[in-house]
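Asks: One-letter residues, chain by chain:
2 protein chains.
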Amino acid sequence: MTSELSKKFQDPSRGVYFIGTTPPKSTFEEPKLEEVSQKLLERLEHIEVDGLIVYDIQDETSRIDKPRPFPFMETHDPRAWSKRLSQASGKPVITYKSVSSRSSEEFSNWLSEAWQDYNIRDLVLVGAPSSDGDIKLPLPQAYKTLEASAHPFNLGGVTIAERHAKKGDEHQRLMKKTEAGCEFFISQAVYNPQATADLISQYARACKEQEQTPKRIILTFTPCGSAKTLEFMEWLGISVPDATKHRILDSEAPLAESIKICRNALEQIIETALPLGVPLGLNIESLTNRKEEIDASIQLYKLLRATLDLKLAEQAIQ
Amino acid sequence: MTSELSKKFQDPSRGVYFIGTTPPKSTFEEPKLEEVSQKLLERLEHIEVDGLIVYDIQDETSRIDKPRPFPFMETHDPRAWSKRLSQASGKPVITYKSVSSRSSEEFSNWLSEAWQDYNIRDLVLVGAPSSDGDIKLPLPQAYKTLEASAHPFNLGGVTIAERHAKKGDEHQRLMKKTEAGCEFFISQAVYNPQATADLISQYARACKEQEQTPKRIILTFTPCGSAKTLEFMEWLGISVPDATKHRILDSEAPLAESIKICRNALEQIIETALPLGVPLGLNIESLTNRKEEIDASIQLYKLLRATLDLKLAEQAIQ
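If you read the protein sequences in the order shown, they are chains A and B. For the first sequence, our numbering begins at 1 and goes up steadily by one. For the second sequence, our numbering begins at 1 and goes up steadily by one.
Some hints could be false.
Since the list gives no way to pick out one identical chain from another, each pair is judged satisfied if it fits inside one copy or across any two copies.
What the hints assert, rightly or not - For lysine-lysine, the following DSS-like pairs were computed, each having C-alpha atoms within a straight-line distance of at most 30 Å:
hint, residue 1, residue 2
1, Lys32, Lys8
2, Lys291, Lys7
3, Lys245, Lys166
4, Lys7, Lys32
5, Lys66, Lys8
6, Lys166, Lys25
7, Lys167, Lys260
These are calculated hints, taken from the structure and not from any lab test. These numbers come from a predicted model, not from an experiment.
Using the sequences plus the hints, can you model the full thing?
Replies: See below:
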């Protein structure tokens, strides 16, 4: 059986909608794991999703000098967490995999296990957080290892508009990742819609020049309800313009303000992407375990999904 | 197992979304029945629905003198059609039942078969099309027969805003039907939003006076692409204001014009219903088998669903 998401991704008249989540701490054991997954599934009962996204959290201290606002903790194996969530929800799960710390052979074994033992079909490979650390397997080689494996994963890549804002070449990375087999891209959390719109615009032009159909770009959004969460976003490398920062910090209802900001950002990106034929998707996550931010992420999901669905429906009628 | 729709209906923060459909002609046999159901399911692949609605079409010639623009034909048993669609789609199906032509005992047997043999859980009872014909079982007695049966159906009723526009008492019928066990209502096709808004407004006031929570009202919408479909709508008793009629008939793109009309109508009704706490749902159907009207009904579904989802999401954040 191949990926059931792949078919949905190829229909540009529809959006695709995900909730992003991090595996629990590696110290959690069975009854606690079950409790965490049940809580997540209960929240999903109130919304309709096409699937879930499970991250592979790395210790990114090599990337940045500042201390991490929320301490890094080793997590439960993302493959096992994906399998559990997929079985419990009946929905497909896109699984992230950081590739740099292991050899090509080890990665090849990981892929076989992921396909056979964990039933993973939708996969996003992530490179090293910086070029400073000890990189055993660079991302381009990981793509080759994957290509050589027998398993037809539905492959996705990460895209970071902030890199585009700095270097102006992120659209070329998307083209290269497409050559390497990527069928979709997932963005970092969007708080700087102009950077994302610029990237999408240049990506669409590059696709046109090379007579390619643009791949789907799944935009990540996350609510932000406090100065500490904002600090964490900046630590993660998410670009937050000054005016946006002040709107959140000065608001009496920062969470609701951040939801307004996200909606406006999505509308701006939609207006760029849809006329250019770049299909979109959404991935909503909460960066913290705070209940109010998790609840807000479900509200944000509903709002942004309906916003994109409405634009797509309007476009189909014109 | 009881109705899985019932739980969704009780959550006012969500909309509920259906596609309405008529069973095929009674003369169709197995390979043709399978073909018809497959075609319907293929269209559903592009949208997400909470379920389907299957009508029980009656010969309504007793109600009106004019000839029926599309001739009446006996259909396949709605129960059998519901079961087939539910099994093929994995979705719940609300089944209509016209009760007037059979005795209470016959109806009681019909109910037992519906529950046991056809796995029907969600049911809408329909009275006689007019008070002129031979009525063996009036609707109020049918409700009593149902109450006496052992099966806990999720029961719904029909609501007709056009009656409210004429007599001003449709909200009282909703209150009575609620007393008789109705948990939700499905409207006739809406082309006169003012009549529906007036009904909902009076219904909400009546509920408030009697300290009841308003039941969910599922609004039916249908695209209209030709003079003949318009004539059929009027034959069915759907009120179409003059300006609306002319907008459709004079348009170069009548289907797209009717979709715009429906969207505007829904927005007007939402603005009345949501602040009053009346939960809404949508039921989209095509009144004809014309391909362009069926395709338009899927576009209409996407547009109206996103419109209601967006208003609900906005309301949750304020």
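Asks: A separate judgement is required for each hint: does it hold in the structure or not?
Replies: A quick look at each hint next to the structure:
In this assembly of identical chains, Lys32 and Lys8 lie within 30 Å of each other by CA distance solely across copies; the values are 28 Å between and 34 Å within a copy. With identical chains, the CA atoms of Lys291 and Lys7 are at most 30 Å apart between copies only, with a shortest distance of 24 Å across copies and 34 Å within one. Taking the shortest alpha-carbon separations for Lys245 and Lys166, only the intra-copy value of 20 Å comes in at or below 30 Å, while the best inter-copy value is 56 Å. For a Cα distance limit of 30 Å, the shortest separation of Lys7 from Lys32 across copies, 28 Å, qualifies, whereas the shortest one inside one copy, 35 Å, does not.
In this assembly of identical chains, Lys66 and Lys8 lie within 30 Å of each other by CA distance neither inside one copy nor across copies; the values are 41 Å within and 47 Å between. Taking the closest pair of Cα atoms, Lys166 and Lys25 never come within 30 Å of each other, the shortest separation being 34 Å inside a single copy and 64 Å across copies. Proximity of Lys167 to Lys260 under the C-alpha cut-off of 30 Å is restricted to the intra-copy arrangement: shortest distance 29 Å within a copy versus 44 Å between copies.
Comparing the model with each numbered hint stated earlier shows that hints 5, 6 do not hold.
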